[in-house]
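Please model the entire structure based on the sequences and the hints provided.
Those sequence lines, one after another, are chains A and B.
Numbering-wise (this note's numbering), the first sequence opens with residue 1 and increments by one.
Numbering-wise (this note's numbering), the second sequence opens with residue 1 and increments by one.
Treat the hints as calculated values from the structure; they're not laboratory data.
All values reported here derive from a predicted model rather than from experimental measurement.
The C-beta atom is built at its ideal place from N, Cα and C for all residues, glycine as well.
Accuracy of the hints is not assured; some may be wrong.
[To be verified] Selected chain A positions facing chain B (Cβ under 8 Å, derived; list incomplete): (1) T168; (2) V169; (3) G172; (4) A173; (5) P190.
[Stated by the list, open to error] Here are some chain A residues pointing at chain B (derived, C-beta under 8 Å): (6) R100; (7) A175; (8) L176; (9) G177; (10) S179; (11) I187.
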Amino acid sequence: MIGTARLHRRRVSASLGTAVTLLCALLCAGALLVILGYVVVQGIGSVNRAFLTQLPHPVGVPGGGVGNGILGTVIIIAIATAMAVPVGLLTAIYLALFGRGTVPETLRFLSDVLSGVPSIAIGLFAYTILVAPLKHFSAFSASFAFMMLMLPLLVRTSEQAIRSVPQTVREGALALGMSNFRATMRIVLPTARPAIITALLLAIARVTGETAPLLFTAFGSQFWETNPNRPMAVLALQVFNYAISPYANWQAQAWGGALLLILAVLILSLGARYMLRQASRRLES
Amino acid sequence: MTAAPPTIAPAGGALATDDLSAYYGTLEAVGNVSIAFRRKSVTALIGPSGCGKTTLLRCLNRLHELTFDACVSGRVLLEDCDIYEWGMDPMAIRRRIGMVFQRPNPFPTLSILDNAVACGGRRLNRRAKIEVAERALRAAALWDEVKDKLTRSPLQLSGGQQQRLCIARAVAAEPEVLLMDEPTASLDPIATAVIEELMARLAERFTIVAVTHNMQQAARVSDVTAFMLADADGTGRLIEVDDTAKLFTKPSDPRTEDYITGRFG
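So this is what it looks like as structure tokens:
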């Protein structure tokens, strides 16, 4: 039997523990909400139709927007995704199907290392192999840097997605006389598709706000630039340049740009959550 | 050895093992099993958990070797040709030796129709697909229940219907042998009864080898019963094979008698 005093002490320490963990959780959520709220308050005033659709105006001319930056962000991420998806997915398939031994283990390790490399270092790498030799900045070099940032995320999460397809489904396909490749392409990959799309959305969200690698790759532009071989405006870069400028209306526009970036990431994350729910529903049954 | 890849004489459904042993790494899970399965009949593999029944079954269509570190010695003869002979194509063998698994495993992203013709419906047009599917689904006693929802997801079906869809999927490949790994283990008694009835009908066309935990089921559905038991090293041995009626009434091995009278296992 436990004495009443001791029982009481246990109860107090238990509720104390609950209170502390709850407090920390609230602190985390609170910090996020404060940042979100602050950006909304500061940025909402600059966001209007002109801001979304117009080119930046020169210093001293009021108005203007980040339309070219939004377009540039979309173009650069689209090219990066188009390059990262086939490479990342095929690597993930390789790792999921032939996942044992030295080569796959080394690949996994390298992929983890790559995901830890600072984005500015990856930007420098893109600069060294794509910008310096060609002697001009380009959107493509930014896409290349983004691809390098997306790859490790895509590879590891897609590998998990493919592995989470029950072995019985795979064996069912093989037992029908399908080849390993066909069983993977026709049966296993489609089953894992929602989870793979989740991985892709999260990888896109990860690079949407990246600024460091853009400084010496995409570089920025004042025009509606659509040629990936030339310098291109990017939203994150515009936020950076406006924020460090001494002009009040540019600083206000930086907040507006930051708000757009956060919204984009929020939407991507919600999309990822939705797809994840689809994925778990598919795997449960 | 000749240069041309070895081929198996068509049809018949004569399946046998010769001194077959199966390993997981260094563990010998099945040891020295030699058994000739009776053509166009149901052979039940019974025995306590861990006696190697499922492993033995998975050796018969070369599924065992997909497990990491697994290997096989001895021979499995389909129409007197060793399916483990060097150069034999496992995919071709699995088309002739179909399999139904313990838990229904329809392909979740394919429609009921595409599940039924998954073994090779890619090149067929829709009408031909439906023809093939109807034949297979009728053989699996499922056609009447799904004919109006062929484009739906198989996950909407009940467990028993899903299992019959898996049977249809295997039958559509027109194999000679059908392996069944505890096909009713995850089903309720009514669904089980439907599948058991189906097995008796399918035995007119195929050589069926079915693993079962359930001795009543073995007694009900099989013509021949094989009893397996793990020895002290955990290696599954074939103890006795006989006509089901004889094995359950006059077993010749005392261990079989102990098992079927419920003294262990």
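Against the structure, the hints:
1. T168: 4 Å, holds
2. V169: 5 Å, holds
3. G172: This hint holds: A:G172 lies near chain B, its Cβ roughly 4 Å from the closest one there, short of 8 Å.
4. A173: Holds, about 7 Å.
5. P190: Check passed: Cβ of A:P190 comes within 4 Å of chain B, closer than 8 Å.
6. R100: At 7 Å from the nearest chain B Cβ, A:R100 passes the 8 Å test, so the hint holds.
7. A175: 4 Å, holds
8. L176: Result: holds, 5 Å to nearest chain B Cβ.
9. G177: Check passed: Cβ of A:G177 comes within 4 Å of chain B, closer than 8 Å.
10. S179: 6 Å, holds
11. I187: Given a least distance of 5 Å, the restraint on A:I187 holds.
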